[in-house]
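Here are the chains, one letter per residue:
There are 2 protein chains.
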Amino acid sequence: MTATATLLPIDQATFPLFAGIDVGGTNIKIGLVDDAGHPVAFEKIHTHQQQGAEKAAQRSAEKLTEMVAGLGIEPDQVARAGLATPGPMDLAAGKVLQPGNLPGWHFSPVRDLFSQATGLPVTFANDANAAAFGEFWSGAGAEVRNMVLVTLGTGVGGGIIIDGRLLVGAHGAGGEIGHIVIDCRDDATLNSLNLRGTLEGYCGAYGVLARARKALEVQGVRSSLSDLTDDALTPLEIAKAAEAGDHLAMSIILETAKLLAIGMASIIHTVDPESVVIGGAMTFGGDGHPLGERFLEEIRLQTTERIFESLRGEIHMDFARLGGDAGFIGAAGLAREEHLG
Amino acid sequence: MTATATLLPIDQATFPLFAGIDVGGTNIKIGLVDDAGHPVAFEKIHTHQQQGAEKAAQRSAEKLTEMVAGLGIEPDQVARAGLATPGPMDLAAGKVLQPGNLPGWHFSPVRDLFSQATGLPVTFANDANAAAFGEFWSGAGAEVRNMVLVTLGTGVGGGIIIDGRLLVGAHGAGGEIGHIVIDCRDDATLNSLNLRGTLEGYCGAYGVLARARKALEVQGVRSSLSDLTDDALTPLEIAKAAEAGDHLAMSIILETAKLLAIGMASIIHTVDPESVVIGGAMTFGGDGHPLGERFLEEIRLQTTERIFESLRGEIHMDFARLGGDAGFIGAAGLAREEHLG
Chain A
5 MTATATLLPI DQATFPLFAG IDVGGTNIKI GLVDDAGHPV AFEKIHTHQQ QGAEKAAQRS
65 AEKLTEMVAG LGIEPDQVAR AGLATPGPMD LAAGKVLQPG NLPGWHFSPV RDLFSQATGL
125 PVTFANDANA AAFGEFWSGA GAEVRNMVLV TLGTGVGGGI IIDGRLLVGA HGAGGEIGHI
185 VIDCRDDATL NSLNLRGTLE GYCGAYGVLA RARKALEVQG VRSSLSDLTD DALTPLEIAK
245 AAEAGDHLAM SIILETAKLL AIGMASIIHT VDPESVVIGG AMTFGGDGHP LGERFLEEIR
305 LQTTERIFES LRGEIHMDFA RLGGDAGFIG AAGLAREEHL G
Chain B
5 MTATATLLPI DQATFPLFAG IDVGGTNIKI GLVDDAGHPV AFEKIHTHQQ QGAEKAAQRS
65 AEKLTEMVAG LGIEPDQVAR AGLATPGPMD LAAGKVLQPG NLPGWHFSPV RDLFSQATGL
125 PVTFANDANA AAFGEFWSGA GAEVRNMVLV TLGTGVGGGI IIDGRLLVGA HGAGGEIGHI
185 VIDCRDDATL NSLNLRGTLE GYCGAYGVLA RARKALEVQG VRSSLSDLTD DALTPLEIAK
245 AAEAGDHLAM SIILETAKLL AIGMASIIHT VDPESVVIGG AMTFGGDGHP LGERFLEEIR
305 LQTTERIFES LRGEIHMDFA RLGGDAGFIG AAGLAREEHL G
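Heads up: the protein sequence lines correspond to chains A and B, in order.
The opening position of the first sequence corresponds to residue 5 in our numbering, with each subsequent residue numbered one higher.
The opening position of the second sequence corresponds to residue 5 in our numbering, with each subsequent residue numbered one higher.
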């Protein structure tokens with residue numbers, strides 16, 4: 005999930021450029037992306053979130069100015085900026101609300117702050133939605149018009165593209181895929197927002213670990229994971245154990261795939277995409293790794309069983325391609341959409 | 005669910021008009037709808053499905069010609085027709101596939117047949133999607149831009165409107181709400197398509213009856229429904245028993261509301277509508293009836309518990325308003341969308 009994009013030489017870029025700014029709790033990723041979706045410059049600065057949003061906007065603007073100068077282009081060749089932050093947010097008002105990893109930014113009018121600092125009009129988006137748009141614009145969804153991105157990590161998030169447009173929703177809650185419900189039981193697992201039976205509650209990192217712990221409690225079960233303390237049990241340790249042949253670890257990973265597929269079936273029967281793209285930090289090795297490929301294959305298999313016969317084989321399911329670059333590229337892409345009107 | 009629309013006098017209509025044709029297994033509903041969504045004429049003819057689609061197209065066209073003459077208008081004041089049929093269908097090819105209630109129509113090129121018979125360009129749509137568009141255009145969703153219709157009957161169906169446009173999906177399977185999964189258990193109920201744990205499997209008529217039968221089997225349970233034979237147990241009998249104070253019958257209805265709410269939470273976190281509209285034949289009396297209102301109130305309550313705090317109170321949940329007219333009105337509305345381009 006590191007930045008992997010190759011930068012396009014500026015003399016091959018299509019103008020205008022768009023700035024993409026992807027704010028996380030630790031870093032802010034800043035890129036310049038050309039009109040065809042190719043990054044031409046990329047930098048990462050510390051968020052220093054406790055200093056607040058205004059300072060971060062100023063430092064981001066300074067970095068952007070340096071990047072423009074470094075490319076030897078004029079500032080007015082950058083048409084607009086896209087700003088992605090974690091939710092919750094008030095999109096219409098251009099404000100973040102109370103994102104858990106940005107306490108110093110709570111209720112900041114980030115759209116205006118970044119616009120004033122950069123001198124650019126700013127398009128504001130949810131970071132998971134921006135990542136979805138990035139994959140759609142120049143990643144795993146570049147060949148389709150209808151795509152769903154599902155990101156697996158501490159949380160489960162994502163975004164939905166319908167007929168080439170991001171599904172923002174009436175209240176900015178479109179594509180909140182982690183909060184679809186897969187377990188109707190009254191005693192189903194609660195997630196971090198106290199919502200019961202959600203996809204995130206089972207397939208987010210804490211959900212995976214909770215299922216692993218429960219499986220380890222079964223009397224007589226043999227697993228190398230039994231030797232780990234509660235703190236040492238992580239998705240990465242589960243992946244390592246599975247790769248070393250531990251049956252319980254593998255069964256937890258395959259169960260994760262099955263539970264995810266149950267959520268996928270609901271999304272597919274709701275928005276009917278051409279392509280479902282799986283990203284995030286918890287893909288068990290991801291693309292090109294045997295365990296990641298086995299995980300993806302199980303998602304495909306289990307999803308296929310749960311959807312209309314006429315859809316089987318019709319929906320691509322693949323790993324994301326842009327890794328941690330998806331957010332800033334997508335933010336730039338959403339800025340471009342608004343620029344084009 | 006009968007036709008309830010008041011017809012607008014033709015001298016108050018806004019032109020052009022659009023024809024809406026809603027094909028069911030028993031009847032074909034044919035209406036003329038003005039440019040503002042008001043029906044100005046309506047007729048119902050028998051489908052006689054065993055005679056095939058071509059004959060039905062001819063009889064529909066004859067009826068339309070009569071209706072136009074009866075209104076005293078010129079044929080060219082009708083700009084386009086919308087044709088809604090049950091799925092599954094190949095929308096792009098303009099064909100029905102194998103709808104269960106139209107065996108005589110299997111694989112018929114209905115779009116072309118109706119176009120040739122009526123002399124009008126034809127917009128082809130799934131009947132549940134057409135009904136959703138009808139409610140959006142001139143029913144319970146007329147004040148919003150983002151709406152979900154859920155229809156409860158033998159099956160559970162619906163349609164989704166995003167930013168004023170019908171979500172058709174990449175393969176015509178958008179808004180197949182009955183097939184979202186609410187129960188991840190390996191032994192969850194199978195529905196008629198052999199899909200496990202779906203909303204339809206629990207909240208479609210057969211699902212409701214299966215839950216009632218199971219509840220009646222519990223030893224010592226007292227219910228007036230116990231006296232009914234298996235054949236005599238229907239959603240209507242459950243409603244009657246609940247109205248007469250039968251606790252088990254009421255608990256089945258409230259459980260239906262809860263399971264439906266679980267599906268609603270998934271849809272809301274996926275497409276984030278302004279309004280969710282509940283229609284279909286199985287609304288336990290529906291709008292204005294005490295039991296229907298209790299059912300709706302329980303859906304609201306249970307949905308609210310399962311969605312983001314920021315969305316609570318922000319999403320309208322109401323009964324559909326157009327009853328059985330939604331399909332032909334929506335088909336006409338979709339024809340109008342295509343006419344406007």
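Do not rely on the hints blindly, as some may be mistaken.
Below 25 Å or equal to it, Euclidean Cα-Cα: the simulated SDA-like pairs (lysine to any residue) are [claimed, not checked]:
| no. | chain 1 | residue 1 | chain 2 | residue 2 |
| --- | --- | --- | --- | --- |
| 1 | A | K218 | B | D190 |
| 2 | A | K262 | B | F19 |
| 3 | B | K67 | A | K262 |
| 4 | B | K262 | A | D191 |
| 5 | A | K218 | B | L197 |
| 6 | B | K218 | A | E66 |
| 7 | A | K59 | A | H42 |
| 8 | A | K218 | B | E302 |
| 9 | B | K244 | B | E301 |
| 10 | A | K218 | B | D191 |
| 11 | B | K244 | B | N198 |
| 12 | A | K262 | B | R200 |
| 13 | B | K262 | A | L237 |
| 14 | B | K262 | A | Q102 |
| 15 | A | K262 | B | A192 |
| 16 | A | K262 | B | S230 |
| 17 | A | K262 | B | D190 |
| 18 | B | K59 | B | T10 |
| 19 | B | K244 | B | L197 |
| 20 | A | K262 | B | K244 |
| 21 | B | K262 | A | H175 |
| 22 | B | K59 | B | P107 |
| 23 | A | K262 | B | D191 |
Everything labelled a hint here was simulated from the structure, so no lab data went into it.
We went through each hint and held it up to the structure:
Between K218/A and D190/B the CA atoms are separated by roughly 18 Å; this keeps the pair inside 25 Å, and the hint holds. As the CA atoms of K262/A and F19/B are separated by approximately 53 Å, the hinted pair breaks the 25 Å bound. A threshold of 25 Å between alpha carbons decides the hint, and for K67/B with K262/A the separation of about 52 Å lies outside it, so the pair is violated. As the CA atoms of K262/B and D191/A are separated by approximately 14 Å, the hinted pair is consistent with the 25 Å bound.
Proximity of K218/A to L197/B is assessed by CA-CA distance (about 33 Å); at most 25 Å being required, the pair is judged violated. Between the alpha carbons of K218/B and E66/A the distance comes to roughly 67 Å, so the proposed pair goes past 25 Å and is violated. Restraint check for K59/A and H42/A: not satisfied, since their Cα atoms lie roughly 28 Å apart, outside the 25 Å limit. The hinted pair formed by K218/A and E302/B fails the criterion: a straight-line CA distance of about 33 Å is larger than 25 Å.
The hinted pair formed by K244/B and E301/B meets the criterion: a straight-line CA distance of about 18 Å does not exceed 25 Å. Our distance criterion of 25 Å between C-alpha atoms is met by K218/A and D191/B, whose separation comes to about 20 Å. About 31 Å separates the Cα atoms of K244/B and N198/B, which puts this hinted pair outside 25 Å; it is violated. Note on K262/A and R200/B: the hinted pairing holds, with a Cα-Cα distance of about 13 Å set against a maximum of 25 Å.
Our distance criterion of 25 Å between C-alpha atoms is broken by K262/B and L237/A, whose separation comes to about 36 Å. Annotation: proposed proximity of K262/B to Q102/A is violated, straight-line Cα distance about 30 Å (limit 25 Å). Restraint check: the Cα-Cα separation between K262/A and A192/B comes to about 14 Å, which is no more than 25 Å; the hinted pair holds. The suggested pairing of K262/A with S230/B is violated, with an alpha-carbon distance near 39 Å, which exceeds 25 Å.
Simply put, K262/A and D190/B have alpha-carbon atoms about 10 Å apart, close enough for the 25 Å limit, and the pair holds. Annotation: proposed proximity of K59/B to T10/B is violated, straight-line Cα distance about 29 Å (limit 25 Å). About 30 Å separates the Cα atoms of K244/B and L197/B, which puts this hinted pair outside 25 Å; it is violated. This hinted pair does not check out: K262/A and K244/B have alpha carbons roughly 41 Å apart, beyond 25 Å.
With a C-alpha separation of about 23 Å, the suggested pair K262/B and H175/A falls inside the 25 Å cut-off, and the hint holds. A threshold of 25 Å between alpha carbons decides the hint, and for K59/B with P107/B the separation of about 14 Å falls inside it, so the pair holds. A threshold of 25 Å between alpha carbons decides the hint, and for K262/A with D191/B the separation of about 14 Å falls inside it, so the pair holds.
In terms of the numbered hints stated before, the structure departs from hints 2, 3, 5, 6, 7, 8, 11, 13, 14, 16, 18, 19 and 20, listed from lowest to highest.
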